[in-house]
Structure formats: structure tokens, C-alpha cells
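Participant: One-letter residues, chain by chain:
Number of protein chains: 2
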Amino acid sequence: MADRARPPSVAGKVMAILDAFATGAGRPNLSEICRRAGLPLATGHRLVGELVAGGFLERVPDGTYRIGTRLWRIGSQAPAVTGLRELALPHMEDLYEATHDNVQLAVLRDGRALFVERLRGTRSVPVLTQVGAALPLHATGAGKVLLAFAPEPVRERIIEEGLARHSARTITDPDELRRSLERVRRTGHAVTRDEMTLGAASVAVPVHDADGAVAAALSLVARSRSADVRRLLPPLTTAARALSRDVAAHWRGGPSAQRNAGA
Amino acid sequence: MADRARPPSVAGKVMAILDAFATGAGRPNLSEICRRAGLPLATGHRLVGELVAGGFLERVPDGTYRIGTRLWRIGSQAPAVTGLRELALPHMEDLYEATHDNVQLAVLRDGRALFVERLRGTRSVPVLTQVGAALPLHATGAGKVLLAFAPEPVRERIIEEGLARHSARTITDPDELRRSLERVRRTGHAVTRDEMTLGAASVAVPVHDADGAVAAALSLVARSRSADVRRLLPPLTTAARALSRDVAAHWRGGPSAQRNAGA
Chain A
0 MADRARPPSV AGKVMAILDA FATGAGRPNL SEICRRAGLP LATGHRLVGE
50 LVAGGFLERV PDGTYRIGTR LWRIGSQAPA VTGLRELALP HMEDLYEATH
100 DNVQLAVLRD GRALFVERLR GTRSVPVLTQ VGAALPLHAT GAGKVLLAFA
150 PEPVRERIIE EGLARHSART ITDPDELRRS LERVRRTGHA VTRDEMTLGA
200 ASVAVPVHDA DGAVAAALSL VARSRSADVR RLLPPLTTAA RALSRDVAAH
250 WRGGPSAQRN AGA
Chain B
0 MADRARPPSV AGKVMAILDA FATGAGRPNL SEICRRAGLP LATGHRLVGE
50 LVAGGFLERV PDGTYRIGTR LWRIGSQAPA VTGLRELALP HMEDLYEATH
100 DNVQLAVLRD GRALFVERLR GTRSVPVLTQ VGAALPLHAT GAGKVLLAFA
150 PEPVRERIIE EGLARHSART ITDPDELRRS LERVRRTGHA VTRDEMTLGA
200 ASVAVPVHDA DGAVAAALSL VARSRSADVR RLLPPLTTAA RALSRDVAAH
250 WRGGPSAQRN AGA
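Protein sequence lines, in the order shown, are assigned to chains A and B. Using numbering that gives the first Met the number 0, read the first sequence as starting at 0 and increasing by one per residue. Using numbering that gives the first Met the number 0, read the second sequence as starting at 0 and increasing by one per residue.
Please keep in mind that the hints were generated in silico from the structure rather than gathered at the bench. Virtual Cβ for every residue (Gly too), placed ideally from N, Cα, C. A portion of the hints provided could be inaccurate.
Which stretches of chain B does chain A cover? Using the computed rule of at least three CB atoms under 8 Å from a CB of chain A, they are [stated by the list, open to error]: (1) 44 to 51; (2) 65 to 79; (3) 124 to 131; (4) 157 to 165.
Away from chain B, derived, C-beta distances all over 10 Å, residues of chain A [as the list claims (entries may be wrong)]: (5) S30; (6) R35; (7) G110; (8) V124; (9) V153; (10) R192; (11) D210; (12) G211; (13) S225; (14) D227; (15) R230; (16) P234.
Just need the whole structure built from these sequences, with the hints factored in.
Facilitator: Okay, structure coming up:
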């Protein structure tokens, strides 16, 4: 964010503090925030205090901090995400009603699958995904779709950076993943079983924008024991095509334009 | 946010700039951002540039700015909102499936009904509500529930501040609203017809936390011509009770604790 050669500006420090909350990993106390943000304790103390006073952060009685509702509300106005969400929601509802599985929508961001919406019901299998979560591309169905259709240099860079193991079934061999992604491009859908979460299987397909580029991935996550791709794929494909038409007609300036830069 | 007697700090200026996007009203250019934030153009130009470089804001080719996906992601980690959303989602799905109307969840924030989740389908009536929208308490079903069960000083302050007209049917007379809220407390539900949006009717009920306080309002919004309260109320009440049990069992430190301060 800031040039390494010179100290970050105050705005840079404020962003570094807020970035310390981006992963959602635990609820940090002041020293943990300063460690993540790379700030001296005195500076962090002053700025965190200002952010609490402004409602951007909230102090919990146990001395930890969390993102405040005010910042949530500002963030919820991000049109690249919310525009896509608004278009997708009716189609995702239709899909949920047809399957009762987890219905997820992800975009490619910073080399990960950023989940911008997720529906689930009382009967859906528990999954790691939450709205705002950024999961690895090579271990999730939605991620494999985004990776398979990413420009080749982006795809190769992500593969070369290393494929972390998330379960015993994660594909960690680059060539095996390349073959798997080639299959995704050929068939138009990705399937994962137990590759991110044991017990969960996913099927994912691309959502296209007006230029035919892949703007997002729509996926269903079901129990891997009972997941039947032949049953899940027809409603998933139907919903993704309906959403693609809406995206092509109504959506401008979303992640598609920023995808290559951000990936 | 900042003491009027002294100039705001840089962190205060950064928050003022981001706050300029909170309402979601249009996509401001630089001078509009500076006007809303109360900053000189040179200062605003520098800070906006830093926020764009950090991915907190995005510059659109036409010279306007919008909230960036990075800030959306940080905001999406706000536990006061997302914890409630995660608990509510399965119950809201059940309710959507039973009614196919708009299903909405709101909390009381800064004297308005802040909508933290909303489901809708292809058959639902179009409404103003979006996730992150803050609508007037006196003109929405969810808002009337939140206002009816708010502490009396909070309720009276909001009524005294004036009841803006949003449609020909909005209740703008304080005494008429007080009687309407008394009815909400007696019956346990609120009904509005065409009071915010012509053509839309809503039914809303409270969601209770472990202390029996009203933590949120759950509502259905349907076409006012066909909305049948006797049909909508049973599934709505059932879902709100199921959600209240989950909130009582699993939810700590949500808006309930901050409600009085924030309202």
C-alpha cells in the first residue's frame, strides 16, 4: 500500500489498521492489530481510538476490537459487489428452492475466490464459506471455474505460487491441476469432492458478462456422500445462464474490468 | 466525529471521506466528496488518491468514485451484522420459500431501520430496501416494530424530531403514530400499507435476544393489493420465534447492547 522506501502516511496507517480485520481471523486486541498493521503501539493506540470514536471499529469489553456497523454500512455500498448481488439474488433463490443446497457466488479477487453472496438453509451441509470470505482457487469449485477461465499468465502465476493442502483430497500437483482446469474449460463446469472441506462437494459454472468474459462463478455445495452432479448441474446451468443474461444487460464496471488487475 | 473547536485529524478526514459514501446516493466526483466531507479540495484530492491506491475507493473512468471491493470485504467482517445474518439466513430462506415475498431483517441504528439482510425472488414486489439501506422508522413495517419496542426516551426523541412524508399514506401526525405503535406493542406485529412505497405492504414482528429485548425486526413485504396479513403473519411469527431462539442461544454483543447508544 505504501512505498517501502518511506514511512506510510496517516491514511496508509488507517487502511493498514482496517486491513488487519480483512481476514476475519479472530478478534484482535490492540497489540495484535499493531503487529498486523506494522505500526508502533503508540501510533496504533491513537488511531484505533479515533476509529472507535467514529464508529468504524468497536471495542469489546474483553479488550479486543471488531469492525463496526458504520464501516459495514459504508462497505455495503460497494457497487462492484452489491450490483452483482442484486442481479444474482432472484436466480440464487430459484436455485436454492430447487436444490436446498448451499448456493454461492464468487468473483476472482487478489488470486482468491471472493464469495460475494451465499444462501443456505436448515438442510444445507455446513461449509466454511461466508460472505466476504476469500478461499483458495484450486480447492473450491467456484475457484476452479474462476481459475480455469482466467487469462493464462494469471492462472500460471497462481499455480506457480504453490497449491496449499486444505484436506487429504486437495489437488496440490501443478500438472494434475492444469489437467483438471482443462477439463473445466472443456465441460464448462467444475466439480470438487472433499478438496476444501471433508464431507462437502461442489459443482460450479461460469457467469458471463456482455463481452463473454467470466464475471463470476455460481456454485452449489452439497454433502459429498449424496451429491449427484447429474442432478445438480441442470438447475445450476439454468440459473447461471439466466444470471448471465441479466449481467450482460444491466451490469457495467464490475469485477470483470478489474479482474486482471486484481488477480 | 471531530470536535468542532479544532480541525479534524487525518484519520477523521479519512472517515469523513468514506462517510460521504454511506447513503449510497449517486456516485460522487471529487468536489462532491469534498463538499460532503467538509474538506478543502487539495486535502480531499490527496486523501482520495491514497484511498484509491489502497483499494478502499475505486475511480470510475467518468471521474466519479465508488466504494472498493477491498473496503466491502473488510466491512463484511462486522460481527454485529454478519453474526445476526448467519443466524437469520436459514429462517429467512424458510420464510421466503413459504411466501415468495421480500423477506427483510432490520436493526435499530442511528434512529433508522438499518436493513442487514434481504431476500427476494423473481415474483417479489420491487422495494426500496437494499442491504445496508437505512430507512425511516415510522414509514416501514420493520421500523415501526423497532420504534414501538425502543426505550420510551429514544422513541419520543425520534417522534419529536419530525415525521417526514414519504408517500400520501405516511403517518406524519405524532399522536396517530403513537397510537399505531401502541397497537404494535399490544398485537406484537406492525402492518404498513403504501406508507413508504406505493404498491407495497409490509408485516413485521420483533426478534428477541436472550434478555427478551428486541434485537431486530423481521418483515415480509408484499404487493399491497394482494397482501393478506392473516396469511402472512403465521409463517412470519414462526420464523421470528425460531430465529429468536437461535439469537438467544448463540448471539452475544450484537446491536442490542449498542442500540440505545446508537439510536
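Participant: Against each hint, give a clear statement of whether it holds in the structure.
Facilitator: So, going through the hints one by one against the coordinates:
1. With 3 residues bearing a CB less than 8 Å from a CB of chain A, the segment 44 to 51 of chain B meets the requirement of three and the coverage assertion stands.
2. Three residues within the 8 Å Cβ limit are the bar, and the segment 65 to 79 of chain B against chain A gives 15, so the coverage statement holds.
3. Check on the segment 124 to 131 of chain B: 3 of its residues sit with their Cβ under 8 Å from a Cβ of chain A, so the three-residue criterion for coverage holds.
4. With a threshold of 8 Å between beta carbons, the proposed coverage of the segment 157 to 165 of chain B by chain A is violated, since 0 of its residues qualify and at least three are required.
5. The beta carbon of S30(A) is kept farther than 10 Å from every beta carbon of chain B, the shortest such distance being approximately 19 Å.
6. Even its closest Cβ contact with chain B, about 12 Å, leaves R35(A) beyond 10 Å, as expected for a residue assigned away from the interface.
7. Every CB of chain B lies more than 10 Å from the CB of G110(A), the least distance being 14 Å, so the non-interface label holds.
8. V124(A), annotated as away from the interface, keeps every beta carbon of chain B farther than 10 Å; the closest lies near 12 Å.
9. Every CB of chain B is more than 10 Å from the CB of V153(A) (nearest about 17 Å), matching its label as outside the interface.
10. Under the 10 Å C-beta cut-off, the non-interface status given to R192(A) relative to chain B holds; the minimum distance is some 24 Å.
11. Every C-beta of chain B lies more than 10 Å from that of D210(A), the closest at about 16 Å, which supports listing it as non-interface.
12. Distance check on G211(A): its Cβ is at least 21 Å (rounded) from any Cβ of chain B, clearing the 10 Å threshold; non-interface status holds.
13. Against the 10 Å criterion, S225(A) stays outside the reach of chain B, whose nearest CB is about 19 Å from its own CB.
14. Chain B leaves D227(A) outside its interface by the beta-carbon criterion, the shortest separation being 22 Å against a cut-off of 10 Å.
15. Distance check for R230(A) against chain B: the nearest CB is about 19 Å away, which clears 10 Å, and the non-interface claim stands.
16. The Cβ of P234(A) lies farther than 10 Å from every Cβ of chain B, with a closest approach of about 14 Å, so its non-interface assignment holds.
Hint 4 alone, counting from the list given before, is not met by this structure.
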